[in-house]
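K.L.:
Sequence:
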Amino acid sequence: MENGWASGIDGLPGEFYKAFWAVIEQDVLDVLRDSIRRGELPLSCRRADLTHLKNWRPVSLLCTDYKLLSKALASTLTKVNWTKSEAILVGEWGGGQPTLPGGLAWKRGGFKYLGVNEFLNKNWEGFVEHVKGRLSRWKRLVPKMSYRGRTLVINNLAASSLWHKLACVDPPPNLLANIQAQLVDFFWEGLHWIPQSVLHLPKEEGGQGLVQLSSRAAAFRLQFMQRLLTGPRVLVWSAAALDYYAQLKDWGWTELCF
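Residues in the sequence shown are numbered from 1 upward in steps of one, following full-length UniProt numbering.
To be clear, the hints were calculated from the coordinates, so they are not data collected in a lab. Mixed in with the good hints there might be a few duds.
What the hints assert, rightly or not - Using 30 Å as the maximum straight-line C-alpha spacing, the simulated DSBU-like pairs for lysine-lysine come out as follows:
| hint | residue 1 | residue 2 |
| --- | --- | --- |
| 1 | Lys122 | Lys165 |
| 2 | Lys67 | Lys79 |
| 3 | Lys107 | Lys165 |
| 4 | Lys165 | Lys203 |
Taking the hints into account, I'd like the entire structure generated from these sequences.
P.N.:
In C-alpha cells, the structure reads:
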C-alpha cells in the first residue's frame, strides 16, 4: 500500500499500519478472518465519516483496514489461472446469480479440485470403461507378452490411474471388484489357470506381484490415518483419527500401519 493516502473515519493511515504492523498484525488478521467467516465486514469497514458533506458522494473515504482486505483479495485473484478454474453456486441466491470474474461461468454437477470432484458420486463415473479402454490398447499384444510384461501393463498403465482418486475418496461398492476382474481377465486372456490370490503374491513367493485393488485402497486409508496420528495435535481431525485408530486396533490392523 502506498503512503500518503488519506485515512478514514478511524484516522489511521497506511503509514500507521506499516509502522506498527508487528504489534497489531494478529488483531487485524483476526478481525478480517472473522469478517470473512461471518460474511459481513465490521461497521468501521463499511461506514465513512458522515459529518462531512463530501463523504455523502457516491465514492466515500473508507478506513485503511478495508483497503488492506480489498487489496489482499485482489492480489490473490490475480494469481488464479482462470482458464483452468470452475465455479459452482452453493445455497440459494436471491436476485439471480452473481457475475464471475475472469470470464468464468457457473458450472452444474460439481467441480474438480486437483482431479477430485466436489460431488463424490461424480468421481467414479465411467471409470470402469476408462480402465477397459486402457487395457484394450494392449489386447492384441497380450499373446506375445510374458506374464511379467502383462503385470507391468496392469500395475503401471491401468491400475495406476486409480491411485489419486483412491487416496482421496472411497469408491462405490463393487467398483474395485469389477475392475479387478477385468485386470485378471487381461492377465489370463480369459482363461484362469491358478487362483487369483496366487497372482498377488510377490514373484519370489511364486506369484506375479499383480496389484490387489482392495488392499491398495486399504493401504491409502492407513497411510492417511498415520499422517493424522503422527502429525501436529492441533489438527481439526486429530480426535477423529484417534477414534478410528482405536477401531483399527480392535480389528488387529494397526500392525500394518506402524
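K.L.:
Hint by hint, say whether it matches the structure.
P.N.:
How the hints compare with the structure:
no.	hint	verdict
1	Lys122 with Lys165	holds, 11 Å
2	Lys67 with Lys79	holds, 19 Å
3	Lys107 with Lys165	holds, 21 Å
4	Lys165 with Lys203	holds, 28 Å
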